Amino acid sequence: MSNKFSLSSSIVLRAEPQYYNTYVAFDYRRVRTEFLSENEFKTLEYIRDKAANVTEIIKQTGMKESDCTKFLKSMIKINYVQSNSEKFKTKTSTKIKYDSALYEKFPIPFLSAPSTVDIFITSKCNLDCVHCFSRKDNVERHLSLDELKLIFDQLEEISVFEVRINGGETFLHPDIDEILTILKEKHFRKVILTNGTLLDDKKVESLKESNIIPTVSLDDSLGDEHDRFRGCRGSFEQTIEGLKLLRKHKVLYGINCCLHKNNLTRIDEIVKLAIRHGASRIAFLDLKITDRLRNHKNWIPTYEEYQKVMLNLLAAKIKYRSKIDVALDVFLRCQPLQESLWEAKRGFVSCQAGRNRLSIDSDGSVYPCNLVISDKKWKIGNIRQEKISDIWFSEKWLFFRGELTTTKLNKCSDCKDLKKCKDFYCRLLPYITNGDSLAPHPKCN
Amino acid sequence: MLKMYRVDALKVKSGPTESGVEVPPVGGEMLPIDKLGVFSSSYGVLILILLILPIAFVLYKKRGLALKLFTPLISRFL
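Protein chains in written order, with the numbering used here: chain L, 1 to 445; chain A, 1001 to 1078.
Don't read these hints as lab results, they were simulated from the structure.
Note that the structure is predicted; figures quoted are calculated from it, not measured.
You may find that some hints are simply not true.
Claimed, not checked - Below, computed lysine to aspartate or glutamate pairings styled on EDC-like, alpha-carbon distance capped at 20 Å: (1) L:K345 / A:D1008; (2) L:K105 / L:D128; (3) L:K387 / L:D363; (4) L:K377 / L:D291; (5) L:K124 / L:D227; (6) A:K1013 / L:D329; (7) L:K420 / A:D1008; (8) L:K379 / L:D436; (9) L:K443 / L:D423; (10) L:K443 / L:E209; (11) L:K105 / L:E16; (12) A:K1013 / L:E34; (13) L:K288 / L:D436; (14) L:K184 / L:D201; (15) L:K422 / A:D1008; (16) L:K184 / L:E209; (17) A:K1013 / L:D201; (18) L:K317 / L:D363.
All chains, full assembly: derive it from the sequences and hints.
Here is the structure:
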C-alpha cells in the first residue's frame, strides 16, 4: 500500500490515558466514537498532521505492517481515513499536556477536558415558560460575540466533541447570525435549542449550511394549551411556522416535549404532529422542580401519573418507530455513566458533571450541570477570568470527583437497594427539588 | 498494559436532542406492574411459565382423559 493516507476532516481525536486508558476518534458528522489502542491512536494522530504512506506510519508508530494495513482498511471502511489523499484537510489541534499531579488531587478519574458543553448564550427570551430554569433573576444578559469566539476556539483546542447552544431564546442573541457563521468552521458537533418562534428562511438556511442541528420545544398538539405552558399567546402558531420552515429546507431536527399535568393524555396527537412536520425525533421529558416551577405546582404530575403514562409512551414508540424516533431515555430516568457504576463499587458517587461535561451561563460563569445554572453555590469559575482548561482543573470540582461517598448520603447509605439503584448518582436533582444534595432521589419512596 | 474500556464519557448520543438512538429498553422498573421485572432478572421463572402454559392447555383440552388418569392417583392420597 504505497497510497498516502490522511484523517477525514470530521474526526476529533482524544487521548485519555488517565481515564481508564482510553484513546478515541470521534466523527462529529456521523456521531460515532471509535475506541482505539494506543498505537492505533498514534497512527491517526500522525496522519492527522500530514498525509503518509504505510512505511512512514510504521516507522513512526512501531506497528506491524499487517496490523497497520488492516487497521487503515477498517478506518477507510467507516470513512475515518481517506486514501490516495495528499491534501491535508483536518485542523491540527493543539496538544495540551497536563501535569499528572492535577489528576491526583481527585480520587476518581475524569477526562482531560469536557466532551460535551452547554453554553447559555443569552438569558433573553420572548416567552414566559412555566418551568423556565435559566431566568431566575429576570436580568437580560448575554455572552458577547468576542467572548463566544474565545469560548469556541478554546473548546476546539481542547477537542470537545459536542457543543449545545442554549438560552433564553437562542435566536434573540443580538449576534446570532454571526454566531451561526462562526460555528460553521468549528470542529465539533453543534446543537441549538430554540422555541422555533423566530426562525426565518435566512436563519434556517444558515443552520443548514453550518451543520447545526436544531431542537425545538413543542409541548402540545393543542395551541391554547401550548401557549398557556409557554406563557405567551400565539407562540404555538409561530413554533409551527418554524417547523414548516425547517421541513421546507430539509433540515434534520428534533423536538423536545415536556410532559406536564395537562398534556399527558395527548401523547399520540403530539407524536402525530411531530411526524406531520417532518421531525426526525421527539424526546419526552419530565419536569424538574426548579425555582419558577415551585410557584406553579399545579402543572406537575405526580410520580404515579408519570409512571402510568410510560406505557402510552412505549406504545407510541413502537407504533411510530418507522416514522419518528420517540426518545424516552431521559424520561424519569437517571443515566449514570458506566464509569460511575465502576466507581460506585469503590464507594464513590459521581455523574457526568465534572467528569465529561460542564455548562457555561450567559454571564460567563461555569457550572457543573444545567440543573444548577445561575445557582452561585455551584459556580466553579468564570470564562471572563480564566481559560476553560484551567477551570476544568479547579479544586471546586471535588464534590463531583470523589469527595462524595455513598456513606455520606442521607438515608441512601442504609438502603438495602443501594447496589441496584441507579438514581443516587445524580446529586443535583435532590438539591433543586428540596435543597439537599445528600437526600435520596425525589422519586424514591 | 491496562485493559481498554469503552467508557461512556466519550460517547455522544446521535439524536438531535439530548437523547440518542441507542435507547436502552424502557420498562422493567418503570412499568406500573412491577412484577414484570421478575422476568428480566430471572429467566428461570419465564422458562417455567412457558413450559407450564402448554401443559396446562393440553390437560384442559384433554380433560376427560386427564381426569381418568389422575383420579386414581389423587384418590390414593385422600
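Pair hint K420 of chain L and D1008 of chain A, alpha-carbon separation not exceeding 20 Å | 19 Å, holds
Please work out if K105 of chain L and D128 of chain L have their alpha carbons no farther apart than 20 Å.
-> 43 Å, violated
CA of K184 of chain L to CA of D201 of chain L, is that 20 Å or under?
-> 17 Å, holds
Could you grab the alpha-carbon distance between K443 of chain L and E209 of chain L and see if it respects the 20 Å cut-off?
-> 43 Å, violated
Straight-line alpha-carbon gap K184 of chain L to E209 of chain L, limit 20 Å = Answer holds: K184 of chain L to E209 of chain L is near 7 Å, not above 20 Å.
CA of K422 of chain L to CA of D1008 of chain A, is that 20 Å or under?
-> 15 Å, holds
Are K443 of chain L and D423 of chain L close enough, with their CA atoms no more than 20 Å apart?
-> 9 Å, holds
Agreement of K377 of chain L and D291 of chain L with the hint, judged by alpha carbon distance not exceeding 20 Å = 14 Å, holds
Regarding the pair K379 of chain L and D436 of chain L, is the alpha-carbon distance no greater than 20 Å?
-> 17 Å, holds
Distance restraint between K387 of chain L and D363 of chain L, which requires alpha-carbon spacing of 20 Å or less | 15 Å, holds
Quickly compare the C-alpha distance for K345 of chain L and D1008 of chain A to 20 Å and report which way the hint goes.
-> 17 Å, holds
20 Å Cα cutoff - pair K317 of chain L, D363 of chain L = Violated. K317 of chain L to D363 of chain L sits at ~39 Å, over the 20 Å cutoff.
Consistency note: the structure conflicts with the earlier hints numbered 2, 10, 17, 18.
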